[in-house]
Each structure stands twice: as structure tokens, then as C-alpha cells.
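Enquirer: Chains as they are written, first to last, in this note's numbering: chain L, 1 to 330; chain H, 1 to 330.
Bear in mind the hints are in silico, worked out from the structure with no lab data behind them. Quantities reported herein were computed from a predicted structural model and do not represent experimental measurements. Virtual Cβ for every residue (Gly too), placed ideally from N, Cα, C. Be aware that a few hints might be false.
Simulated DEER-style distance windows between Cβ atoms [unchecked claim]:
#: 1; chain 1: L; residue 1: GLY247; chain 2: H; residue 2: ASP90; range: 51 to 61 Å
#: 2; chain 1: L; residue 1: ARG236; chain 2: H; residue 2: ASP56; range: 32 to 42 Å
#: 3; chain 1: L; residue 1: GLU142; chain 2: H; residue 2: ARG45; range: 21 to 31 Å
#: 4; chain 1: L; residue 1: GLY247; chain 2: H; residue 2: ASP66; range: 48 to 58 Å
Using 30 Å as the maximum straight-line C-alpha spacing, the simulated DSBU-like pairs for lysine-lysine come out as follows [stated by the list, open to error]:
#: 5; chain 1: H; residue 1: LYS243; chain 2: L; residue 2: LYS264
#: 6; chain 1: L; residue 1: LYS251; chain 2: H; residue 2: LYS243
#: 7; chain 1: L; residue 1: LYS253; chain 2: H; residue 2: LYS115
#: 8; chain 1: H; residue 1: LYS268; chain 2: L; residue 2: LYS243
#: 9; chain 1: H; residue 1: LYS265; chain 2: L; residue 2: LYS253
#: 10; chain 1: H; residue 1: LYS264; chain 2: L; residue 2: LYS265
#: 11; chain 1: H; residue 1: LYS313; chain 2: H; residue 2: LYS268
#: 12; chain 1: L; residue 1: LYS251; chain 2: H; residue 2: LYS265
#: 13; chain 1: H; residue 1: LYS184; chain 2: L; residue 2: LYS184
#: 14; chain 1: L; residue 1: LYS265; chain 2: H; residue 2: LYS268
#: 15; chain 1: L; residue 1: LYS243; chain 2: H; residue 2: LYS265
#: 16; chain 1: L; residue 1: LYS184; chain 2: H; residue 2: LYS115
#: 17; chain 1: H; residue 1: LYS251; chain 2: L; residue 2: LYS251
Calculated Cβ distances over 10 Å to all of chain H for the following chain L residues [claimed, not checked]:
#: 18; residue: GLU59
#: 19; residue: LYS115
#: 20; residue: GLU142
#: 21; residue: ASP144
#: 22; residue: ALA161
#: 23; residue: VAL165
#: 24; residue: GLY176
#: 25; residue: GLU178
#: 26; residue: ALA195
#: 27; residue: LEU209
#: 28; residue: PRO210
#: 29; residue: GLY221
#: 30; residue: GLY235
#: 31; residue: THR252
#: 32; residue: PHE266
#: 33; residue: LYS297
2 protein chains.
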Amino acid sequence: MKANIIIDVMGGDNPAAELVRGAVAGSRGCGAALALVGDKTEIRRALDGFKANIIDAPEAVLMTDDAMSVIRAKSGSSMATGCRMLAAGDGDIFISCGNTGALYTAASHYVRCYKGLRRAALSAIVPLSQPFVMADAGANPEADALSLLRFAKLGEIYCQAVLGVEKPRVALINNGTEPQKGTKIYREAYGLLTASDMNFVGNCEGRDLPLGVCDVAVCDGFTGNVVIKLIEGMGRFMTDGLKSVIGANTKTKLGGLLVRGELKKFMKGLDDTAYGGAPLLGISKPVVKIHGNASEKTVRSAVIQANGFAERKINEKMAEGIASLTVTGV
Amino acid sequence: MKANIIIDVMGGDNPAAELVRGAVAGSRGCGAALALVGDKTEIRRALDGFKANIIDAPEAVLMTDDAMSVIRAKSGSSMATGCRMLAAGDGDIFISCGNTGALYTAASHYVRCYKGLRRAALSAIVPLSQPFVMADAGANPEADALSLLRFAKLGEIYCQAVLGVEKPRVALINNGTEPQKGTKIYREAYGLLTASDMNFVGNCEGRDLPLGVCDVAVCDGFTGNVVIKLIEGMGRFMTDGLKSVIGANTKTKLGGLLVRGELKKFMKGLDDTAYGGAPLLGISKPVVKIHGNASEKTVRSAVIQANGFAERKINEKMAEGIASLTVTGV
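Just chain L, same shape as in the assembly (with noise of 0.2 Å):
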């Protein structure tokens, strides 16, 4: 069965038709149906005769928007109107690049958790030495300790579910490994990860981080944010620095041609547009935010990455994960 995609081309830096040529290229990618939100003219003319539902909702939430009103003023937007459509099982996920404490707060709303949850977390897939979970990647700026539990169960079931690891390593972030490291609510969220029946590895350092220690990261949203954009930042860094290496003189560019596929596979591990999108783990349906920034190239891995997630059931498995999860008390 081919997913029904929903997709809000309002509110990223990008005009809606490049989002709507990436939603078009993914479709072709793998078959799934399309429902584009937004501007109905704009998303026609980018069309360009692709068949595809359209839904008229030109009104975006922007980034400097407050989160709220997208369940208030702007309950008419892209935005809103895609997780409507969502929660009334008008398509099988739903993606947007708009503001992400505004689409948190449209899926809470609109979508809401998972009975016996009360927040959810954006999670990512950070592709280093080995890719691993992060949760919450920067929907809950402030977490405290037993939502951290959470966000490492969430992150748990889906780490087995889209990267196939059986007993994921789940690791807290902070400030050192000890467990009396951290804030207060980082060392009780210590003593319960301990307490659980996960494979709870410890803390973990930023400098361990990228070397692939664990399979679930597990942090507040504010300090997911920082880290993951951190990582593509130096990514970047990375990838300007080594052009203006090769690209220095004769001889360092004749060495560039030498080691060019294999420098090539090894900075795709870098390239965060290859992973597509972060799914809000927790809310019910699924709800796939990816980058305020994202170009025609992420919207089609995204779209691609939603179908897989339909298609392998991902959203089943997690509800199962979380059921058994409420009976533990978690």
C-alpha cells in the first residue's frame, strides 16, 4: 500500500514551489499519493499538470509566529489545516517545514499524543560513525526528569523500529560522565534511566557524541537544538575547510581527484538533507517536521523517508511500544 502524504508548502524560508517540485520528485520516488496545503495557485502552477490533491490554505504560520497561534489566530492555516486533516485520517502522515514550536503545539492539538503521554519530542537521525536516535531534538526547550524517561522510551522504540537495533544503547547528554553531573533534573532523569528496563549506557560527553557510543541520545529540546544543528554546523565548517584545502594550489588539487570518491562517500555521511525528516515521537499519527530551510532535494527524501515509515508500519510499532509502556508506569 502506497502512503497518502500530507504536506504544508507554507511557512519554510523556501517559496511553496520549491516545496511542491520536491513533493513531486518524491512521489515519482516512490508512488505515494500526494495532498499539498497551502496557496492553491501557487501549488497548480508548480504542479505543472502532476496529479496531486490540492487543498487551499495560503495562510502560513511564520517563524517568528508564537507558537499558540496556530490553535488560535491562525487556526486556518497550512498548517492547522494539515493536522486536521491528518487527525480526520485524510492521508497517513504528515509533513511540514514551518516553525517547530507551532507545529509541536498543531500536533498536540489537533493530532495529541499517545493515551498516557502528555508531550511529545522531535526526534532525528544524526548520521555519524553510526547513526543514532536523538530525543528530544528540540521540540520541549524545557524537560523535566520524567519526561526525559519518556523521550528515552520514545526514542528507544524508535531506534528498533527504523534502524533495526534489538536493545538500543540509550545515553543522557551532559556535562560529564559521572552521575552526579548535570542539573538536577539531568541526575534524577539519571537515577530513573538506571531504574529502567532499558539499556541505559550512562552520560554521555559532547566529545563522545559523534563516535558512535550509543543508539539513542537522549536530552531537553533545547540542548537536542543546539547539539544537531552544532553537528551540521561543523559539517559545513568541514566541507568549506577541505575545498579551500584542495582547492589551494596544482598539487593540492591534483590530490583532490585522487581521493574524491572516497572523500565523496565519506562527507555524504554528513549531508543532514539525506536523512529527510524528524518525526514528532509521541503524537499518534505521525507528524514529520524537517528543516525551516529545506530545499527540493530534502522535501523529496522526506516524502520518500514518509512512505518507507507507512509502509513498514513504523507508526504501528510505536503505538504497540507505547502501550506497553503506559502498563509499566513510564
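Since the structure of chain L is already known, use the hints to place chain H on it.
Expert: Quick look at chain H alone, frame taken from chain L:
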């Protein structure tokens, strides 16, 4: 005038002998006098005839010790002894690679903050596109908005004194660029920084941090520790990755030889040991923290850097800056 440098040679990941050898190498490089605090037998053996003041205080504050132990059960430790020596004027600067929390406690207790300040910030100079100062890089896992404002001021003064930037661009690390991003504390700090006399350039996301967008990056010590160690970890990840790329086959090995010179220059920017120590800004006399896993090379750099601090009267410049800030009520 050459500095008299007090060094705690205990409590790091490496044996005292390695730190002593690094100190000797540093002293040979810059002419500074050394006062080595730790196990006198080990120090004497490692000195191997080199002339230095030896202070016997064999008890080490361990990484697993509570931060308060340094002023209670372990007030006779090498770290506490060194701090007291600095306070008493028996040296110009104190260097330790021990437990950061304990060093912060010992410095605050024995040496004390400048008048008008309550909390010191660990600084770090991050050597990427263009070096910038991080404050707090790890001393205060939690910090209120007023503390963040003070860290910004301390970072500004330090940046002026050490990097020679006349009007440093001060940024707040945050999970988005908009003023309303982050936690309540970060939103408050944004307001305080906007109203200050500093050259505040707004919130800085992780992705822009490596790209030279600010001269001073401000955050709490939890975030700062994660950021600085992640930058280090990404550097290591890239170095390892490039080694594999170049070592892959005969062709890439040849390519590696051709780019080697330029590549080395670029990668040197990612080498944390080149920059030595991180002063605790706000402490009335210079206390410098170096890596727990400090090697001989790191200690050597730190000693040479510390000597430069004394020669360039950085501490006097800091004192002047702080005096002016208490006047303006920050």
C-alpha cells in the same frame, strides 16, 4: 617579568609525572618559574634535576568527588593548596586539570570573585573559522538571566584582552534566532543583553557557531560544556574519517601526500591542545582549568599561555573591565 606559575599535578586522567614533564617543557619554552603542587616524591622524580618549587600535597580531588569536598574533607588536597597559594600571593596564576566543579568551588572559596560578582564563568577560546570566546564553558550547569548577562560581559572583556577585538560581537547561544526562542531564562537574558552597552548581535544557533558569526558566545555551563566537547568530538570524528579516506587505497594515499601540507594547516585549527587552558573568568586572580585528560603537550601550551597572560597583564585588564561594569550596575 616572568610569571611564577602554580600547577596542580594531581587529579587528572594522566599520571603526575606526565604533567610535570609538560610543565618543565613549558617553563623551558617561556622562562616562567614553576611551583608544583602534589606528591613530592613523584614530582621530584619527574623533574629529573630541573629546578622548581615543590609543594607536597599528595591528596588528589578525584573526578568523582563532590565539588564541595575541596573545601571540606579535601581542604588539604593539591587543588585547595594551590588555590590558597595563589590567594596568598605565592604565585601569579594557578593551573589545574582536576575536577571542574571542585576547581570552581575552590577558586570561588579561596581566591574569591571580583567585588560585585557572585559567580565565575569558565571560558574557552574555540579555534574555528575565527577564534571566539565561550562563556560559560562549563562552570555553572544552571545560570539565571543576570548571570548570563555577566558571563557576556566577562567574555567581552576577556575577548578584548586576549583576542584583541575592540568591540566584540556578543551572541547568545539559543535554539533559534528569534528573540522569543529558548527557555524563560534565555528570553530574559536576550532582553538584558539588548539593553546592555555590549555589541549584542542576537541569538546564535548551533549551525552558525562554527562559521565566525560572533566573538563571544554566551550560555549556561551545561550547554557550554556540551558545545565545546561536541566541537572537539566532531574534530576527532573528522580527523579519523579523513585518515580512513586517505588510507583507503594506493590512489587515495598518493592524493593524501599531495594535500598533506594544506590539510595539516587546516586541521591544526581543530586541535584543542594548541590553545591550552580555560580561565575561570570573574575570579580575582587567574585560575586556569585545563582538560582532565591533559597531556604533556597540553600542559606545555598552558604554561606558555599562562606566562603570556601575566606578561600582557590580562588580569589587570580584566579587573579594570569588571570595575567599570559594577559601576553600570551589571
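Enquirer: Kindly indicate which numbered hints from before are broken by the structure, ordering the numbers from low to high.
Expert: 2, 3, 7, 20, 24, 25, 27, 28, 29, 30, 31 and 32
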